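S.K.: As given, the protein sequences belong to chains S and L, one line each in that order.
Convert by adding 4 to the 1-based position in the first sequence; the result is the number in the working numbering.
Convert by adding 236 to the 1-based position in the second sequence; the result is the number in the working numbering.
No lab work stands behind these hints, which were simulated from the structure alone.
Note that the coordinates shown come from a computational prediction; the quantities given were computed from them, not determined experimentally.
Any given hint could turn out to be false.
Pulled from the structure, derived: some chain L residues nowhere near chain S, Cβ distances all over 12 Å [to be verified]: (1) ARG346; (2) VAL359; (3) VAL377; (4) TRP378.
FRET-style restraints, in silico, Cβ to Cβ [unchecked claim]: (5) GLU338(L) x ALA61(S): 29 to 35 Å; (6) ARG177(S) x LEU265(L): 50 to 56 Å; (7) GLU248(S) x GLU338(L): 51 to 57 Å; (8) ASP233(S) x ARG440(L): 57 to 63 Å; (9) GLY60(S) x ALA448(L): 52 to 58 Å; (10) VAL286(L) x ARG177(S): 31 to 37 Å; (11) VAL286(L) x LEU107(S): 49 to 55 Å; (12) ARG217(S) x ALA429(L): 52 to 58 Å; (13) ARG177(S) x ARG440(L): 34 to 40 Å.
Sample of chain S residues facing chain L (criterion: CB under 7 Å; computed from the structure) [said to hold, decoys possible]: (14) LEU54; (15) ARG70; (16) HIS75; (17) ARG78; (18) TYR83; (19) GLN87; (20) GLY89; (21) HIS93; (22) THR103; (23) LEU204; (24) LEU205.
Idealized CB from N, CA, C, for every residue including glycine.
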Amino acid sequence: MILLQRLSKRYGATLAVDDVSLEVARGECLFLVGASGCGKTTTLKLVNRLVEPDAGAVFVDGRDVRKGAPHELRRRIGYAFQQVGLFPHLSVAENVGITPALLGVELAKIAARVDALLGLVELEPARFRERRPADLSGGQAQRVGLARALAAEPRVLLLDEPFGALDPLTRDRLQQSFAKIRRELGLTVMFVSHDMSEALLLADRIAVFDAGRVVQIGAPGELLAAPADARVAELLATPRRQSERVEKLLEGSA
Amino acid sequence: MNEALAQLPGLAAAHLQLSLAALALAAALCLPLGVLAARSPRTGAAVLGVASVAQTIPSLALLAIMVPLLARIGFLPALVALTLYGALPILRNTVAGIRGVEPALVEAARGVGMTPAQQLLRVELPLAAPVIVAGLRTSAVWVVGTATLSTPVGAPSLGNLIFGGLQTRNPAAVLVGCVAAALLALGLDQVLALLERGVRTRERARVRVAGALLVLVGVLAAGTALSARLAPERAPVRIGAKPFTEQYVLAEVLAGWIARETGRPSEALHGLGSTVLFDALVKGEIDAYVDYSGTLWATILKREGPPPSRAAVLDEVAAFLAREHGIAVAAALGFENTYALAMRADRARELGVTEIGQLAPLAPGLEIAGDYEFFQRAEWRALREAYALSFRAERTLDPTLMYAAVAAGEVDVISAYSTDGRIAALDLALLEDERGVIPPYDALVLVGPGLQARAPEAVAALGALAGAIDAAAMQSMNLAVDQGGHTPAAVARDFLAGAGTQERGRSSKR
Numbered sequence: 005m006i007l008l009q010r011l012s013k014r015y016g017a018t019l020a021v022d023d024v025s026l027e028v029a030r031g032e033c034l035f036l037v038g039a040s041g042c043g044k045t046t047t048l049k050l051v052n053r054l055v056e057p058d059a060g061a062v063f064v065d066g067r068d069v070r071k072g073a074p075h076e077l078r079r080r081i082g083y084a085f086q087q088v089g090l091f092p093h094l095s096v097a098e099n100v101g102i103t104p105a106l107l108g109v110e111l112a113k114i115a116a117r118v119d120a121l122l123g124l125v126e127l128e129p130a131r132f133r134e135r136r137p138a139d140l141s142g143g144q145a146q147r148v149g150l151a152r153a154l155a156a157e158p159r160v161l162l163l164d165e166p167f168g169a170l171d172p173l174t175r176d177r178l179q180q181s182f183a184k185i186r187r188e189l190g191l192t193v194m195f196v197s198h199d200m201s202e203a204l205l206l207a208d209r210i211a212v213f214d215a216g217r218v219v220q221i222g223a224p225g226e227l228l229a230a231p232a233d234a235r236v237a238e239l240l241a242t243p244r245r246q247s248e249r250v251e252k253l254l255e256g257s258a
Numbered sequence: 237m238n239e240a241l242a243q244l245p246g247l248a249a250a251h252l253q254l255s256l257a258a259l260a261l262a263a264a265l266c267l268p269l270g271v272l273a274a275r276s277p278r279t280g281a282a283v284l285g286v287a288s289v290a291q292t293i294p295s296l297a298l299l300a301i302m303v304p305l306l307a308r309i310g311f312l313p314a315l316v317a318l319t320l321y322g323a324l325p326i327l328r329n330t331v332a333g334i335r336g337v338e339p340a341l342v343e344a345a346r347g348v349g350m351t352p353a354q355q356l357l358r359v360e361l362p363l364a365a366p367v368i369v370a371g372l373r374t375s376a377v378w379v380v381g382t383a384t385l386s387t388p389v390g391a392p393s394l395g396n397l398i399f400g401g402l403q404t405r406n407p408a409a410v411l412v413g414c415v416a417a418a419l420l421a422l423g424l425d426q427v428l429a430l431l432e433r434g435v436r437t438r439e440r441a442r443v444r445v446a447g448a449l450l451v452l453v454g455v456l457a458a459g460t461a462l463s464a465r466l467a468p469e470r471a472p473v474r475i476g477a478k479p480f481t482e483q484y485v486l487a488e489v490l491a492g493w494i495a496r497e498t499g500r501p502s503e504a505l506h507g508l509g510s511t512v513l514f515d516a517l518v519k520g521e522i523d524a525y526v527d528y529s530g531t532l533w534a535t536i537l538k539r540e541g542p543p544p545s546r547a548a549v550l551d552e553v554a555a556f557l558a559r560e561h562g563i564a565v566a567a568a569l570g571f572e573n574t575y576a577l578a579m580r581a582d583r584a585r586e587l588g589v590t591e592i593g594q595l596a597p598l599a600p601g602l603e604i605a606g607d608y609e610f611f612q613r614a615e616w617r618a619l620r621e622a623y624a625l626s627f628r629a630e631r632t633l634d635p636t637l638m639y640a641a642v643a644a645g646e647v648d649v650i651s652a653y654s655t656d657g658r659i660a661a662l663d664l665a666l667l668e669d670e671r672g673v674i675p676p677y678d679a680l681v682l683v684g685p686g687l688q689a690r691a692p693e694a695v696a697a698l699g700a701l702a703g704a705i706d707a708a709a710m711q712s713m714n715l716a717v718d719q720g721g722h723t724p725a726a727v728a729r730d731f732l733a734g735a736g737t738q739e740r741g742r743s744s745k746r
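Isolated chain L (complex conformation) (with noise of 0.2 Å):
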């Protein structure tokens, strides 16, 4: 609860920030729009045709195809689909507050003598005001709260508090980030409902306050945002991570570990999808990640077929990533985090199961379960064909359910990543890839261009971390966030806390 409550500050006025640059770029955009539209039924059909599809894009669809059409994570694809999310409300009421403007007082502007844009600046914006800031309104609330969404693209927001607390099973952060962001929605809203009984009543008093008002919390989310921006230097060192635990911790120890050894400023960034994190660092939006060999090797190398061993695998992916994309390998963390079979303890000790090969002959009799994507894997095509496995049954669960279920003996063999915490503390047996079918997945740290040009000692920094995790390390960091309720930055700040002095001791004794 206290982390959550320490990081809210600087994710609200980033939720903040971003919520109100969507709303005046989509009032912005929307008003001159509106006005074409209401003058011309035929503009108006199809204005409000593209922006009904828009607002019906499911929005964190909306928000994740911005990434590869504009070719970047973060703030900027977060803004637009925002801005696209939020203009329909705005839109439609500018339109229709227009329309409604009565004829009467069409034809009064015109006969004292206003030109086409003083007819529009002083009697009919201002009649049609109320009902536009009605829609300012609407779009606000619907703004704000899908801005929650814009953390899986790169953009923080409340949002990190709510997927990080799901992904860390920390109900605590969820809370507090759905509080906070339905609290910012409120406020926003009453500012703009104070504002649109100004324009109704038309007092002046009140539209002044609430323009003040708005001006006012501008100025602060831009503030924040700037003084980060003005100093280039002081950047901070950006850490990815894909959507899990062990991601989570890793980020906050490399961030961590930066900040210690070097006096840089470091960020931890939450919850990016793992697809936009390489090309991020490619592009130096990010500065460093973990990822892991096996997954280089398929999906950025693109080789199929058996792997050959652990160092080769690191070796022709160290080689290949410093040659195409200048990002080098600073550490091998000194685990593998790899899919692994995995059952009861005590089962696969009844069985006489240690290993995968030996599963083969009994499996016609057993169930396996697997995450969302195991059985689609080229791992398990890998595994079966190996090993010739046929299991009476295959079910695919929600990872949390698969534990329960092989936990509890509903299922026998499960596909597991080997660093989960999980196996430590349900008593799992990982079973033996006595045949090396599954590549190696060493935990690489990755380090872009832009950081070994800016802060080489960073680099050296992050290199310092090779071998310091081993596989039972990580899984009690995991564990600790998975089932001891710990945040992974107190988890890293632990593991810091011993590194420290491990490490101390190596140097002084250099």
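Okay, chain S solo, but in the shape it has when bound (with noise of 0.2 Å):
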């Protein structure tokens, strides 16, 4: 479904993404997971062209996305990212509708959709579908930023720490359904983050990149059982260090 072959990306003196070669089959979330400038972001920029590579191709369905348009490959893949970027002159509906609304959807078809969407990340369409983004907590923008990349019933989702705003609460709720959501929609997911845990929870593979390469790749199982190197080791055993320091807390207050 996805397909990168050999990626290179350099600024300056620095090869951010150093030949990135990744497959991301059908349905399957994969998550990108690593250090900050380890070049997560980057790579996953590359697969909608956000970034365009110095070396290597990217194909999507097959297709290399460097043939037609940047915007038509852009409008096929969800796209929701950290600052989320909600454009703040437009209603909550409006950036919910936006892709659809540059598709060229009906405007009925699209209302439903966005009430839908809204209903989906937990936000009550009624009270939030007229709101300006000015009005939303953090985590109520993350969660529209969400259902936008939602709209236009993309096939493949490209997700640069989503949930990085959200209480642990939410954050937990809708963890669990968007796991829900993209095994029912079959989506095929890259997803970024440096919460471990979230990547143990949610993704089928996860690839541990440092230094612009990808030093691993594989279930989580996999990783948890075969580390490659000490630095793999470390970055899954902060989630388990965790909670079991979690654990003792509640028994020592038990």
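With the hints as a guide, dock the two chains, each given alone in a separate frame, to form the complex.
M.R.: Below, the structure is given as structure tokens:
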């Protein structure tokens, strides 16, 4: 479904993405994890051509993404990122419905779709439809951003820390509903995160990045069982260490 | 005051029309340029540099330079100059507004699948709009204010009241012009402020109201101008005037005369620079104006040396203008307005001086004052050489101060215009140029080729003014404006009322 072939991207002296090859199967959710500046976000943006590679190629649905106009590619691929980027001059409904509107979908259909999506991300449509982004909390804005990414019924979704600004409860609920949605819709997902718990819970496979390269790729179980090196092991150990500490605290208080 | 108020609606409409056209043009040019400049730093630096330079040129100079550059007077040069003048704030704010859009929003716009044009129209421009409209407001205030300076290049504006009022010592007209220009600027600024608040708070109702107001004002201003243009046969006969009192009066006299004798609409265009008038007549931008035979002799025929007789100069000038430019001399009005040396009458009597020749032996003990150009002019050189004049001191003074100085005895002799009303008012005596050194300055009504073809009856009517105004009549009309506080139009009306009875009397005898 998504095929990355020997991609490289250089910014000045730094090689942000260094000869990366990856494949995401239809309906699969691949997490890109790693420390800040490891090249995971750049790799994600190479897929919908927000960044153009210096070398290598990207195929979506077997088609080279460089064929055709970038905006047409992006209308087929849902994209949500941490800063969200809701358009402040448009209402919540207009933000969510923007890509279908660009595609020329009928207004009535867009309205119905917007309401359905707002429900999906747990925002009551009647209350939120006409609000301005300035009147939303950070978490609400991120949910609207996710709804916007899903609005044109894409089969491919690119997510860059979409739950970064959510409180833990909402984050937990949304992670679960995301898992359900993407299975129901059969979405192919590339998901950038530096939250290892999130990755372990939601990913079919995880690609661990370091200095622009993929250090290891595999199912969560495989990575936990056989980390490729000390850094991967360290990264994977974090959620376990944290949950052990939490358990101890809970036992102590009980 | 009433006179000025009567002119106000027409001039305000013309002023608004010119300002709005310049603003619209500046916005139409600067929005795309600003977008380009925001995209490319190098283009940005170049474009903003050029606009800043245009801004540093004094506005009056910018307007004036457009006349030779575009080789025409009137609306076009004023429009071009005002557009340039209003460009910078719009340009600068467009660049700042677009550069100020959050990068995350640009990324989101690309991410949701907008084309570059959609990014611009749906995201960047709407978000930059408050800043751009703020630039438009600054520009609007500048342009409306500066538009008053388009009067000297022949585009009617509220400046007509200000310039005309200053020249004819009519403070009420100046005041009306200034207040009206200020109100216009404030009003336009308020409408744009409404638009700015609307786009800032994203209240569509407010934006719509402001937009509708702007369109309404534009339609009103354009409508008054169009209605004049839609009826070319009824296009008014346009009479030009150099920027001084006598010319204002004469332009009103000619315009009023044509209107009454032929029923054609006519208008007096005040305050054109004296140098552009002749070219404007040749090009048909004005239909007639009064010039002086000696001036034409020197500046158009380019003759030097001592002039022949008054009649010979007149004949040669008329023949030359008809041959070279198709311009007709419809009438010699019957007076000369020449440079002359003047003294206080009692002082002249005391010294026993009536001719310039008698002044020469006394000159080393006397002071002479001239206006800004007198001591640079050929007339002064000719006088000095012919009469061997050598004064104790030569002072250059503002004309108003010059008359006051001679009346107060601070200087002994001044250069005067022979028809200046102040000669009689201050009891000055003109000294005779007994050797005929100064060329004759007969006031001639010049008519352009356009009017000769379009309205021969108007040319004939102007011909009837031959000999209608003698030097004393002209002096008293000038005096009525300069000291009496009457407007040129009112003085012209009085003259026409008198002339009408004479004329009717004469024609009934025929």
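S.K.: Does each hint fit the structure? Answer for all of them.
M.R.: Outcome of the hint check:
1. Here ARG346(L) does not stay apart from chain S, with its beta-carbon only about 6 Å from theirs, under the 12 Å limit.
2. A beta-carbon of chain S is positioned within 12 Å of the beta-carbon of VAL359(L); the least distance is around 6 Å.
3. Under the 12 Å C-beta cut-off, the non-interface status given to VAL377(L) relative to chain S holds; the minimum distance is some 27 Å.
4. Every Cβ of chain S is farther than 12 Å from the Cβ of TRP378(L); the closest lies at roughly 28 Å, confirming the non-interface assignment.
5. One distance hint, 29 to 35 Å for the beta-carbon pair GLU338(L) and ALA61(S), holds here, with the actual separation near 32 Å.
6. At roughly 54 Å, the beta-carbon separation of ARG177(S) and LEU265(L) lies within the given 50 to 56 Å, and the hint holds.
7. The supplied range of 51 to 57 Å is broken by GLU248(S) and GLU338(L), whose beta-carbon atoms lie about 41 Å from each other.
8. Hint check: ASP233(S) to ARG440(L), Cβ distance near 58 Å, so the stated range 57 to 63 Å holds.
9. Between GLY60(S) and ALA448(L) the Cβ separation comes to about 55 Å, which falls inside the hinted range of 52 to 58 Å.
10. Checked against the given bound of 31 to 37 Å, the beta carbons of VAL286(L) and ARG177(S), roughly 58 Å apart, lie outside it.
11. Restraint check, VAL286(L) to LEU107(S): a C-beta distance of roughly 42 Å breaks the suggested window 49 to 55 Å.
12. Take ARG217(S) and ALA429(L): their Cβ atoms lie about 57 Å apart, and the range 52 to 58 Å holds.
13. The hinted range of 34 to 40 Å is satisfied by ARG177(S) and ARG440(L), whose Cβ atoms lie roughly 36 Å apart.
14. Given the 7 Å rule on beta carbons, the hint for LEU54(S) holds: about 6 Å separates it from the nearest Cβ of chain L.
15. Look at ARG70(S): its Cβ only gets to about 16 Å from chain L, farther than 7 Å, so that hint breaks.
16. Here the hint on HIS75(S) is kept, as its CB sits about 5 Å from the closest CB of chain L, short of 7 Å.
17. For ARG78(S), the shortest C-beta to C-beta distance to chain L is roughly 4 Å, which falls under 7 Å, so the interface hint holds.
18. The interface hint given for TYR83(S) holds, since its Cβ lies 4 Å from the closest Cβ of chain L, which is under the 7 Å cut-off.
19. Proximity of GLN87(S) to chain L holds as hinted, the smallest CB-CB distance being about 4 Å (cut-off 7 Å).
20. Of the supplied interface hints, the one on GLY89(S) holds, with its beta-carbon coming within about 3 Å of a beta-carbon of chain L, less than 7 Å.
21. Hint on HIS93(S) holds. Least Cβ distance to chain L is approximately 5 Å, under the 7 Å limit.
22. For THR103(S), the interface hint holds, the least distance from its beta-carbon to any beta-carbon of chain L being 5 Å, beneath 7 Å.
23. For the restraint placing LEU204(S) at the interface with chain L, the shortest Cβ-Cβ distance is roughly 27 Å, beyond the 7 Å limit, so the hint is violated.
24. Given hint, LEU205(S) at the interface with chain L, is violated; its Cβ is 26 Å from that chain's nearest Cβ, farther than 7 Å.
Of the numbered hints listed earlier, those contradicted by the structure are 1, 2, 7, 10, 11, 15, 23 and 24.
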